[in-house]
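Novice: Sequence:
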Amino acid sequence: MILSLAAAMSSGGLPQNTTSSATFDPSSLDPWLDPYPDLPGVNSSSAVPVRTSTSDLDLRPLTSPQDVSPWDVALCVTGTLISCENALVIAVLFYTPTLRAPMFILIGSLAFADLLAGLGLILNFVFIYLVKGDVVTLVSTGILIVAFSASILNILAITVDRYLSLYNALTYHTERTVLFTYLVIGLIWLVGLILGVLPALGWNCLDDETTCSVCRPVTKSNAVALAVFFLLVFAVMMQLYLQICRIAFRHAQQIAVQHQFIAISTTKGVQTLSVILCAFAMCWLPFAMYSIVADSSYPIIYTYATVLPAACNSVINPIIYAFRNPDIQKGLWLACCGCVPSNLSLRPRARTSSDV
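First residue of the sequence shown? That's 1 in full-length UniProt numbering, and the numbers climb one at a time after it.
Because the hints were derived from the structure by calculation, they are not lab data.
C-beta atoms are modelled at their ideal positions from N, C-alpha and C, and glycine is treated no differently.
It cannot be assumed that every hint is accurate.
[What the hints assert, rightly or not] Restraint ranges, calculated between C-beta atoms of paired labels, are given here:
1. Leu277 / Val136: 32 to 42 Å
2. Leu231 / Leu179: 17 to 27 Å
3. Thr177 / Gln271: 25 to 35 Å
4. Val236 / Val178: 32 to 42 Å
5. Arg246 / Ala279: 19 to 29 Å
6. Leu193 / Lys132: 23 to 33 Å
7. Pro97 / Pro70: 42 to 52 Å
8. Pro97 / Trp71: 37 to 47 Å
9. Trp71 / Leu164: 35 to 45 Å
10. Ile319 / Leu231: 44 to 54 Å
11. Trp203 / Tyr172: 36 to 46 Å
12. Gln243 / Phe323: 39 to 49 Å
13. Asp134 / Gln271: 39 to 49 Å
My request is simple: use the sequences and hints to build the entire structure.
Specialist: Put into structure tokens, the structure is as follows:
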């Protein structure tokens, strides 16, 4: 080096700066001069780490919890409310020996189905954010399908029971035995179980996401079949309730002595029918129609917006079918206060047309 410097001085000056025409190459340095020899993302041309994939743009740590959707929270809260309401109905029916008629057995079956639906919504929330996997997804989906299918079929059975109580008023209490009612309930739950196990038996979209419906892992064809099943149930209910209205008005015209009383009772019964059908339609029709026309490519917010009203039907059912009944009201008063208000008689009450 000293000889080179001397030669340069002898030639007329210091060496010229060549950085303007050539860039400095760090790779020409010895490896021991590199302060980060093993640091990932550092290449030979830059000392600044570079991202190797678009996923590296996520600045959240790997251990950060999954964001909780407010829709899932709303469904979980709805499930809790459903569970509390229907557990109360089941407790009253179970601890009141006088409530063993076929009508109350059907109400109890409906309450149990709605209770299972509420627990299914809570479990679905737990499985989404705490316990993940295909198995638990199929379990929660199966529970919800069984519960909601049984709930809809129990509502249909209650409608048929009310129709028969007016159409065959003289022979109703002898034909509608408790054993026959239990057989009907067994058939209802058998159908619900068959529909609920279909996803677990392979009718799911876990292997092919393109076949998913608006509710994963239910396939599009399965969702359409369930929606058509609901629409058929709703059509039968409408027809039966129309027949109930005709029978009630016919009774009002035939019994002239009690014309005023029957007319008031019939008007109240028609109002009750309107509330039942409107509540059922407003809760389930949006989800049923959306399941037919939509698939997994649609925005998830539309699914939530239709599923939540459908779940709310299980909140309304105890109010319509249980808490309005004076006999169940007496059981609630006895359980909560140990007494019955003066406007509620302790004797069993005969069914009127307003009970429809």
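Novice: State for each hint whether it applies.
Specialist: Okay, the hints, checked on the actual structure:
1. Leu277 / Val136: 32 to 42 Å: 36 Å, holds
2. Leu231 / Leu179: 17 to 27 Å: Given range 17 to 27 Å: violated, Cβ gap about 32 Å.
3. Thr177 / Gln271: 25 to 35 Å: With a Cβ separation near 31 Å, Thr177 and Gln271 satisfy 25 to 35 Å, so the hint holds.
4. Val236 / Val178: 32 to 42 Å: With Cβ atoms ~24 Å apart, the hint is violated.
5. Arg246 / Ala279: 19 to 29 Å: 22 Å, holds
6. Leu193 / Lys132: 23 to 33 Å: Between Leu193 and Lys132, where Cβ atoms are some 25 Å apart, the hint holds.
7. Pro97 / Pro70: 42 to 52 Å: 44 Å, holds
8. Pro97 / Trp71: 37 to 47 Å: About 43 Å separates the Cβ atoms of Pro97 and Trp71, which means 37 to 47 Å holds.
9. Trp71 / Leu164: 35 to 45 Å: Holds, at about 41 Å.
10. Ile319 / Leu231: 44 to 54 Å: 24 Å, violated
11. Trp203 / Tyr172: 36 to 46 Å: 40 Å, holds
12. Gln243 / Phe323: 39 to 49 Å: Between Gln243 and Phe323, where Cβ atoms are some 26 Å apart, the hint is violated.
13. Asp134 / Gln271: 39 to 49 Å: With a Cβ separation near 48 Å, Asp134 and Gln271 satisfy 39 to 49 Å, so the hint holds.
Checked against the numbered hints given earlier, the structure breaks hints 2, 4, 10 and 12 and satisfies all the rest.
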